[in-house]
Amino acid sequence: MRPELKNFKGFTLKNLPEYEGFAQGHRACQGCGTVLPLRLALKALGPNTIAVTSTGCMEIVSSPFPYTSWNVPWIHVAFENSATVASGIEAAIKALKRKGKLKSKEKINVVVFAGDGATFDIGLQWLSGALERGHDFVYICLDNEAYMNTGVQRSGATPFGAHTTTSPAGKIIKGQTTWKKNLMGIVIAHNIPYAATANPAFPIDLMNKVKKAALVNGPAFIHVYATCPTGWGTKSEDSLLTAKLAVETRVFPLYEVIDGKYIINRKVDKPKPVEEYLKIQRRFRHLTPEQIAYIQERVNQEYEKLLKLAESFGETQTEQKDE
Amino acid sequence: MTKKFAKEVSIAVAEAVAQCKVDVISAYPITPQTHIVEHLAELVNNGELDAEYIPVESEHAAMSACIGAAATGARTFTSTSAQGLLLMYETLFIASGMRLPIVMALVNRSVSAPISIWNDHSDVMSMRDAGWIHFFAENGQQAVDLIYHAYKVAEKTLLPVAVNIDGFILSHVVEPVTFLDQNLLDKYLPPLKIKYKLDPKNPITIGAIGVPEIYTEAKKAQDEALKASYKIILQAWKDFEKLTGRKYLPVETYQMEDAEVAIVIMGSLAENAMNAVDILRAKGKKVGVVRIRLWRPFPTKDFLKAIGKVKTLCVVDRAVSHGATGGPVGIEVRSALYQSNKRPRVLNLIAGLSGRDVTKEDFVEIFEKTFETLTKKPTTPYEIYGVKE
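Read top to bottom, the protein sequences are chains A and B.
Just so you know, the working numbering puts the end of the first sequence at 323, numbered straight through with nothing missing.
Just so you know, the working numbering puts the end of the second sequence at 389, numbered straight through with nothing missing.
In short, the hints are calculated from the structure, not lab data.
Be aware that one or more of the hints could be misleading.
As the list claims (entries may be wrong) - Going by beta-carbon spacing under 7 Å, a handful of chain A positions derived as facing chain B:
| # | residue |
| --- | --- |
| 1 | Pro-3 |
| 2 | Tyr-19 |
| 3 | Gly-46 |
| 4 | Val-61 |
| 5 | Pro-64 |
| 6 | Thr-68 |
| 7 | Trp-74 |
| 8 | Ile-89 |
| 9 | Ala-91 |
| 10 | Gly-129 |
| 11 | Gly-134 |
| 12 | Pro-289 |
Beta carbons: idealized from backbone N, C-alpha and C, even for Gly.
The following block holds chain B by itself, in its conformation from the complex (with noise of 0.2 Å):
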């Protein structure tokens, strides 16, 4: 039988990754802090983990490490949020671009100005574009189980993986999670074997100049192994299926089968929302949730088939795209169902920015928001949910 443990899920998260056996951990442990690069430093230093900890003086740095050694052939892993994430920026690009298989535990939270440490998906917006893929968790277990699939995938795709946990609501909070057998997870995660890296024995040039005959082509490489990385995401998700019986969807449904209006979301408000449809489904009204599970590369033949017939859907985004017709997540949604026979009405809720809270009482408010718009369209392309007048 699998055990069960009360963790705290950031000290959780750091436990699945010193179990995933990394070589290298860089880390910058502020702005803002969490447990899971502290708990990692414990492991090492009390000799429970063998590995490298480089404590780096910031999160910029804590990439450029990484680069660094994953291109010698090590395993990484390195866990920020908000403004390092957006010091790391420009180094999240290279990552991607040298296709080095990095992993990062990405706590999600707001950025500044105001300055907040609470949480809301400002920081993993800004790096949509940059050639990550990108896992939410809901909960603590699933936080643990995405970073075990988040080094399986990113090892197969040579691709970094961003596994994102909402700050303090998942990365504070005690969960109860099991942990995969190490002798399972040993065959499940195979120690990493990479074929181009810096070897004395074999010297390459990595990093060499994108002159604009061949930087296209190098662009257009990567961008088709990211959408490939979709089939290697799915059969890592079978293969720990049949290990644990634990079922992971690039998208998944909650009462979808005959629902009229559906709430579209990420992250651990979907628990919150799964609640509200508790409430009203009590109450006969057909309603359900989409939770994306996989961000990039966005699935959108998961998504049109998720949405079944509903009539409208609501999209509550996590951060504000300035001057766009949308959040981040209304954005790619319309887009979606723009190549589809499917036109449900849209509405764009933008809500709990920087850690307010969106209750299940909210997320029944907002479901009967969403069946207003069935006899009349919104009125903007999107709203801000929650506003004190």
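Just chain A, with the same shape it has in the complex (with noise of 0.2 Å):
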């Protein structure tokens, strides 16, 4: 275990801090799933926070001059580059620091807020230099699995089969053709200290894993499902839920790598078949039999590596909190 995280005690029901870094009066949509996990993980920070986001849609709803939603210092420089823009914040701390200019005894917390295309497709270069260079930071990747902000647009998140307005549900090309990026394979191979998925509907598990990320010394990410109810066509009230089944559907595990040491947080040894995640969703309403059992298929073979992986570090699940 890394030494940041030996004496780690985590967040309960009954210790949740009350501070807010993101203020109510933000302008996302209702049910919005991404949003959620992202006053979680501010919770989770403190206000000792420089808070980095990509264009999106969390930059989108919190910060239409002369309003703002962030009660962290905030900056939004561009779509591709935030992993870099919070390389430069973590440099100026650490010079500002050592030449005697910040005076500050707290460690400050340097976050990256990012949608899965400014992290999959194209912010991946930057991401990959700063997780290469080591910055200590933490960048969480809030991905709702397209383009959500400007009209749900696929991107290499998105999910296979998916409707999206450039992977339509067409006559002959029924949605998006291509598998999930594996994200998180690409961010463990740069021998990160800490990497974890994480979901809303576990609020507990978010909030902690997002602690720990601030907590280890260098680069941390963290991969977030993130729900859409406009751009996925689900109920509003149904965006946690939905957000619950793709755990117990092992479309999105949850688990950490620390050291490049799989840990699964939650076993999920009977699962509930996709067809259930699949079916509460309008983007996935013109998948076929086939096309459902080929998801089915290829879910369980992507768990059973991630279980093998874990395995193979003599353990495969921590204590889970959140129930």
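Make one complex out of these two single chains by using the hints.
Take a look at the structure:
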């Protein structure tokens, strides 16, 4: 175990901070499952935090001048380069502290919030550079599985079969033809100290992961499953139900990779059929039984791979405190 | 006494940057390479410069990291050229729009295609509307001095500054330079203090959305700031002159008192043009050179004053503005003249692309061509000089 995490005391329902880094009154859609994990992450990080946000939903809903939802210092620069902007901030903090120009005894957290387009697609090079250089920062990818801010265009994170405006369910080609990019695999290949997946339906687990990510020295990455009722065609009141089903069907397993060691946080021994997850989302309504069978098979395969990785480290589950 | 050193200009620029006590350097060393960032890396790794050096993976990232660092209150530096500048392009506008005092040494070179690493001003001209302050150096000493001025001006105006240095012609040659005494420089350039920055003790939002109700006003404010930088630049140069005796002006002249024809030029080729003036003056020809030191904000009044009673101007551009009515400087000069009662004829030549030499003999020829326009109007708005037929 990393020394920074040795005495880690997690959040529980009893000690959740009252602090809010993200104010109410933002302009996110009803039932937005992206703004919720963002708010929880800032709750976990606390006020001694500088946030960078890539262009996208979370930037748009939070900062139409002269309004701002950010109670922490916040910067938006562009779509693709948030990891690098964070590199600059982290380097500045280091230099200014060393030279006595910045007096802060506590660690200042530097956190990036970026969507799947900004992370999987256009910003992958910037992310890779920042991870490789080893800056001490947290990168949180809020993955709602398409370019939602601009009206639902496919990204490298869009799941197989999903209808988007650029992967429409046509008469011949029915939705996204490719499998979701294995971003965690790419990130982990950078040998960073901490990487994890998280999901707003498991809020305590998510907050604890954010806290751990901030505590480790060096880059940390959290891939957050973020529901989007508007883009996915789900009922807004079903946002967290959808998120929960993503874990229960093994579509989005919850795990951590600490110093290369895989830990599954929630083993799903009796998974629900993938169809249950797909049928409540309009973006999948055109799927044929063959396509659903293919998704089910591939989800099983991916989960088995993960399980084997975790087993090879002798540990498959940590305590789960969300229920 | 101030000591003179023989230094490669890139190395001298790096040392001037180090003397300015930068906090964060972010640089991508290629596309194309100069010794500036290599030498800075050496100074940091030898413990001679206390700074964070971020070896980023591209020029876009180089400017992105400078933006993050400057927004946190750090004194920052980067350097690039040509393709690197073009890759950085998006962020150049963001740096100025966010009013961040970033300093960049821009080693001017051609842009592809055809691919070339040699000197001209194609790269910088692509960013002339990006809201940066631009200085042009003619020699190594000016390159060093302009780095000092760049920090002084950037931090007073809260605008980014580019110091333009001709690739190879300056960047890779050894020139005699003197450095400002560190104590004097520390007085000239006090530590950076920025009021609005990313600080958890006083959280602010930077980079909010400019809705239509506010975007125009934000741009107007930025434009006013760039215009207002003119006075701050003059003051910075006056203060510097008091310290060193070295005088800098937005537009400088050579033998312009009674000149009938003059060349207008920016950058290191001005020195060749001045040599040509000496040759022609010895033959009794009334010729002079107008050298633009401050490209942005464009010093219209200084320019109109500098041209005196000249009858024809030959603007020698170092870049093509495809499909336009002239080279970038030619267009600027014509626009400045239109606001004035003085209307000398303008001959606009585009010369010295991609490191093609423009020697003093060439400048003699250019002056002779310019004399012809005293009696005969130029037949085209601009001409590419020295094309091999």
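Hints, one by one, checked against the model:
no. : hint    : result
1   : Pro-3   : violated (24 Å)
2   : Tyr-19  : violated (12 Å)
3   : Gly-46  : violated (9 Å)
4   : Val-61  : violated (10 Å)
5   : Pro-64  : holds (5 Å)
6   : Thr-68  : holds (4 Å)
7   : Trp-74  : holds (5 Å)
8   : Ile-89  : holds (4 Å)
9   : Ala-91  : holds (4 Å)
10  : Gly-129 : holds (4 Å)
11  : Gly-134 : violated (11 Å)
12  : Pro-289 : violated (45 Å)
In the structure shown, a violation is registered for the earlier hints numbered 1, 2, 3, 4, 11 and 12, in ascending order.
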